[in-house]
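As they're listed, the protein sequences go chains Z and V. The first sequence begins at 1 in our numbering and counts up one residue at a time. The second sequence begins at 411 in our numbering and counts up one residue at a time.
Where hints are given, some of them may not hold.
Straight-line distance between alpha carbons at most 30 Å, and here's what the computed DSSO-like set of lysine-lysine pairs gives [as the list claims (entries may be wrong)]:
| no. | chain 1 | residue 1 | chain 2 | residue 2 |
| --- | --- | --- | --- | --- |
| 1 | Z | K87 | Z | K175 |
| 2 | Z | K366 | Z | K172 |
| 3 | Z | K175 | V | K469 |
| 4 | Z | K78 | Z | K50 |
| 5 | Z | K288 | Z | K366 |
| 6 | V | K469 | Z | K288 |
| 7 | Z | K288 | V | K464 |
| 8 | V | K469 | Z | K230 |
| 9 | V | K464 | Z | K230 |
Derived DEER-like restraints, expressed as beta-carbon distance ranges [what the hints assert, rightly or not]:
| no. | chain 1 | residue 1 | chain 2 | residue 2 | range |
| --- | --- | --- | --- | --- | --- |
| 10 | V | A567 | Z | K87 | 51 to 61 Å |
| 11 | Z | A106 | V | I428 | 22 to 32 Å |
| 12 | V | L571 | Z | F299 | 39 to 49 Å |
| 13 | V | F431 | Z | T84 | 36 to 46 Å |
| 14 | V | A486 | Z | S98 | 47 to 57 Å |
| 15 | V | G460 | Z | T100 | 14 to 24 Å |
| 16 | Z | T100 | V | Y435 | 12 to 22 Å |
| 17 | V | R413 | Z | F299 | 57 to 67 Å |
| 18 | V | S512 | Z | S98 | 49 to 59 Å |
| 19 | Z | P258 | V | A486 | 12 to 22 Å |
Hints were generated in silico from the structure; no laboratory data involved. Remember, predicted model here, so these are calculated numbers, not experimental data. A virtual CB, placed ideally from N, CA and C, is assigned to each residue, including glycine.
Each chain, letter by letter, is given below.
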Amino acid sequence: MSGSSRRKRRFSVALVFGFWLALPMIVLAQSPRPPGNLKGNDAPGDVGQKVLLTWTLSPDDLLGTTPPKVIGYRLFRKEADSDTFKKLDDEPTYQRSSYTDNRCQAGIAYHYRVVAVAPDGSESEPAETVESVVPDMEFFDSRHGWYGVILLLVCGTVMYFIELARSGRELKVRKIAGLEAFEEAVGRATEMGRPCLFVPGILDINDIQTIAGLTILSHVARLTAEYDAKIVVPTCRSLVMTTARETVESSYLGAGRPDAYNEDDIYYLTDEQFGYVAGVTGSMVREKPAACFYMGAFFAESLLLAETGHSIGAIQVAGTAMPSQLPFFVAACDYTLIGEEFFAASAYLSGESHQLGSLKGQDAGKVIGVFLLGLGCVLATVAAVTGNPTLAMAVDFLKGNVLGAEGFLP
Amino acid sequence: MRRTIPLLISSITGFLLIVAFFIPYTESWGNEVMNWFDIVAAFAFVLGAGSLLKMHLRKVSDRRAGWGYSAVTVLAFLMMLGMGLGKVGVPPSEKFPNHPFSGHYLHEGGAFWWIFQYLFLPLSATMFAMLAFYIASAAFRAFRAKNTEAIILLITAFIVLLGRTYAGEVLTDWLPESLAFLRLERLTEDTIMNVFNLAGNRAIMIGIGLGIVSTSLKVLLGVDRSYLGSE
Numbered sequence: 001m002s003g004s005s006r007r008k009r010r011f012s013v014a015l016v017f018g019f020w021l022a023l024p025m026i027v028l029a030q031s032p033r034p035p036g037n038l039k040g041n042d043a044p045g046d047v048g049q050k051v052l053l054t055w056t057l058s059p060d061d062l063l064g065t066t067p068p069k070v071i072g073y074r075l076f077r078k079e080a081d082s083d084t085f086k087k088l089d090d091e092p093t094y095q096r097s098s099y100t101d102n103r104c105q106a107g108i109a110y111h112y113r114v115v116a117v118a119p120d121g122s123e124s125e126p127a128e129t130v131e132s133v134v135p136d137m138e139f140f141d142s143r144h145g146w147y148g149v150i151l152l153l154v155c156g157t158v159m160y161f162i163e164l165a166r167s168g169r170e171l172k173v174r175k176i177a178g179l180e181a182f183e184e185a186v187g188r189a190t191e192m193g194r195p196c197l198f199v200p201g202i203l204d205i206n207d208i209q210t211i212a213g214l215t216i217l218s219h220v221a222r223l224t225a226e227y228d229a230k231i232v233v234p235t236c237r238s239l240v241m242t243t244a245r246e247t248v249e250s251s252y253l254g255a256g257r258p259d260a261y262n263e264d265d266i267y268y269l270t271d272e273q274f275g276y277v278a279g280v281t282g283s284m285v286r287e288k289p290a291a292c293f294y295m296g297a298f299f300a301e302s303l304l305l306a307e308t309g310h311s312i313g314a315i316q317v318a319g320t321a322m323p324s325q326l327p328f329f330v331a332a333c334d335y336t337l338i339g340e341e342f343f344a345a346s347a348y349l350s351g352e353s354h355q356l357g358s359l360k361g362q363d364a365g366k367v368i369g370v371f372l373l374g375l376g377c378v379l380a381t382v383a384a385v386t387g388n389p390t391l392a393m394a395v396d397f398l399k400g401n402v403l404g405a406e407g408f409l410p
Numbered sequence: 411m412r413r414t415i416p417l418l419i420s421s422i423t424g425f426l427l428i429v430a431f432f433i434p435y436t437e438s439w440g441n442e443v444m445n446w447f448d449i450v451a452a453f454a455f456v457l458g459a460g461s462l463l464k465m466h467l468r469k470v471s472d473r474r475a476g477w478g479y480s481a482v483t484v485l486a487f488l489m490m491l492g493m494g495l496g497k498v499g500v501p502p503s504e505k506f507p508n509h510p511f512s513g514h515y516l517h518e519g520g521a522f523w524w525i526f527q528y529l530f531l532p533l534s535a536t537m538f539a540m541l542a543f544y545i546a547s548a549a550f551r552a553f554r555a556k557n558t559e560a561i562i563l564l565i566t567a568f569i570v571l572l573g574r575t576y577a578g579e580v581l582t583d584w585l586p587e588s589l590a591f592l593r594l595e596r597l598t599e600d601t602i603m604n605v606f607n608l609a610g611n612r613a614i615m616i617g618i619g620l621g622i623v624s625t626s627l628k629v630l631l632g633v634d635r636s637y638l639g640s641e
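Build out the structure end to end from the sequences listed, making use of the hints.
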């Protein structure tokens with residue numbers, strides 16, 4: 001073999017060897033394949049500042065690929081009469097095929113472009129929207145349409161029954177043992193010469209449970225005023241303290257005992273959950289109230305309070321709308337107002353006919369709930385058994401539209 | 411008048427916010443109202459702090475039972491207030507190095523941060539940890555098999571307790587696939603939690619939802635004014 005052909009052969013071997021060495025780098029540096037089918041739609045129920053974007057993933061965007069070929073997507077936007085696309089701030093990560101652009105202006109036409117991004121930052125070819133998207137400002141959020149109908153129905157029946165009760169119609173309300181026990185608890189405290197403790201939950205006055213708790217406080221305070229017992233109300237929020245003072249003072253005035261009202265018995269402890277628990281349980285152990293009322297929103301402190309109350313032998317009545325805390329109260333208290341009973345307490349204790357009317361309105365709401373539940377169960381069962389597509393559509397309509405947020409009509 | 415004006419404010423605000431839920435243009439109104447609430451709450455906090463000091467100082471001065479705790483409370487309150495306002499041990503921020511009070515009061519290493527981190531948090535965690543013992547004592551009473559319902563509750567609780575731990579898997583792992591639904595972890599999750607517990611929970615939630623609507627309506631319409639105090 002001549003020297004020249006040997007050199008040629010060496011060169012070819014080096015070339016082939018070099019190619020194989022460089023191949024992984026060539027593959028790694030390759031841009032990913034582009035995503036596809038980019039679509040933009042005006043977001044429903046907004047003031048025209050949102051566009052919903054969807055696309056199909058890049059064929060290289062596969063889970064479990066090591067190293068990954070796609071680490072995310074980059075989105076670009078331009079107004080229809082402009083030439084240049086501008087990059088959006090956020091970059092959806094891999095396996096994401098949707099994005100909401102919430103920095104649009106109503107009435108302006110937009111075009112979008114999406115590219116897949118490789119780990120080294122290289123971009124795929126872009127996929128673009130075929131048609132421009134024009135976000136509109138909606139006056140009414142149709143997604144909440146059925147919610148509004150049900151709300152109107154429930155509110156309407158509540159108001160109807162309040163008016164019915166005002167007109168003198170006798171309304172029958174079942175006895176609630178927990179509420180019947182209020183008088184017994186306050187009476188016991190009076191006999192023992194010990195105070196009554198009222199805890200209005202640990203949330204602020206903007207929570208409906210705190211309001212419900214304070215309406216119950218007004219009745220308990222009236223009882224303590226009539227029985228000449230002492231009521232102590234430690235609060236976790238300053239605003240609740242000021243409102244509770246007004247409420248208790250009003251009850252004492254109503255009972256004709258303004259002299260017995262002591263502002264300092266309603267006091268603020270701390271906003272901190274466990275600091276509050278430490279303060280309340282400490283005073284419980286020292287002052288040993290004979291009756292403890294826990295009425296409002298509670299979290300982990302519910303059992304700490306109720307068990308301390310149990311350990312000092314107090315009669316305890318609790319009421320809350322926090323489902324996770326109900327078992328603790330049921331286990332540790334003598335009486336527990338569960339959910340709706342807690343909200344019904346004020347009307348029940350007042351005995352005023354127009355307030356009792358609101359309870360009847362609630363019952364009408366339950367009838368609507370039971371009807372929808374029953375209808376849904378029957379439709380879903382028959383649809384599953386027969387495989388009827390119309391019934392399956394009806395179930396989807398019930399779940400997605402009537403009970404969901406997919407709009408008024410399918 | 412003292413009841414009418416607050417009632418008017420709550421009614422107008424409440425109804426406006428209900429309407430705002432359905433009209434996209436007004437969706438930011440809720441945030442505005444919350445900002446106003448925060449401002450009012452900040453003013454009320456002064457009243458709260460005043461009440462706290464007044465009550466505990468009186469207890470100390472009267473040497474009433476437990477006055478020592480009150481003294482500790484007042485001291486701790488004043489100490490934290492002083493350290494927070496005075497930004498003790500907090501260096502100036504990098505943005506404004508020439509202004510000694512420009513650092514954040516919770517800056518790592520500052521006195522306020524130190525007390526919060528090494529005194530307050532452990533104390534809170536201790537209170538929370540006590541819950542375990544209270545749960546044990548409450549469960550002991552609740553699960554006493556005194557009647558049929560209590561026996562059912564006891565058995566269910568026992569299954570859930572086992573099903574939520576590895577013990578459940580170990581005890582019933584031998585059951586064949588055809589009886590897999592009887593394995594304790596499956597019985598707990600698929601039957602007790604996802605059927606009985608979920609159904610009961612949803613019934614309570616529906617009742618709560620209706621109760622909230624009814625109570626809110628009574629408050630907004632002024633049918634129930636007991637929480638507003640006297641005229």
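Right, here's what the structure says about each hint:
1. Of the pairs offered as hints, the one joining Z:K87 and Z:K175 is violated, with about 65 Å between alpha carbons and a cut-off of 30 Å exceeded.
2. As the CA atoms of Z:K366 and Z:K172 are separated by approximately 17 Å, the hinted pair is consistent with the 30 Å bound.
3. At most 30 Å may separate the alpha-carbon atoms for a hinted pair to count; Z:K175 and V:K469 exceed this at roughly 43 Å.
4. Distance restraint check for Z:K78 and Z:K50: the Cα-Cα separation of roughly 15 Å lies within the 30 Å cut-off, and the hinted pair is therefore satisfied.
5. At most 30 Å may separate the alpha-carbon atoms for a hinted pair to count; Z:K288 and Z:K366 exceed this at roughly 41 Å.
6. Distance hint between V:K469 and Z:K288 is fulfilled; the C-alpha atoms sit about 17 Å from each other, no more than 30 Å.
7. As the CA atoms of Z:K288 and V:K464 are separated by approximately 22 Å, the hinted pair is consistent with the 30 Å bound.
8. For the hint linking V:K469 to Z:K230, the alpha-carbon distance of about 18 Å falls within 30 Å, and the restraint holds.
9. Between V:K464 and Z:K230, the direct Cα distance comes to roughly 19 Å. Compliance with the 30 Å bound is thereby established for this hinted pair.
10. For V:A567 paired with Z:K87, a C-beta distance near 57 Å keeps the hint of 51 to 61 Å intact.
11. At about 24 Å, the CB distance of Z:A106 to V:I428 agrees with the hint of 22 to 32 Å.
12. Between V:L571 and Z:F299 the CB atoms are about 22 Å apart, so this pair departs from the stated range of 39 to 49 Å.
13. For V:F431 and Z:T84, the Cβ-Cβ distance of about 39 Å falls inside the hinted range of 36 to 46 Å, so the restraint holds.
14. Our hint of 47 to 57 Å for V:A486 and Z:S98 holds, since their Cβ atoms are close to 51 Å apart.
15. Look at V:G460 against Z:T100: about 47 Å separates their beta carbons, and that is not inside 14 to 24 Å.
16. Distance hint check: the CB atoms of Z:T100 and V:Y435 are about 19 Å apart, consistent with the given range 12 to 22 Å.
17. At roughly 32 Å, the beta carbons of V:R413 and Z:F299 sit outside the given window of 57 to 67 Å.
18. Between V:S512 and Z:S98 the beta carbon distance is about 43 Å. The supplied range of 49 to 59 Å is therefore violated.
19. For Z:P258 and V:A486, the Cβ-Cβ distance of about 35 Å falls outside the hinted range of 12 to 22 Å, so the restraint is violated.
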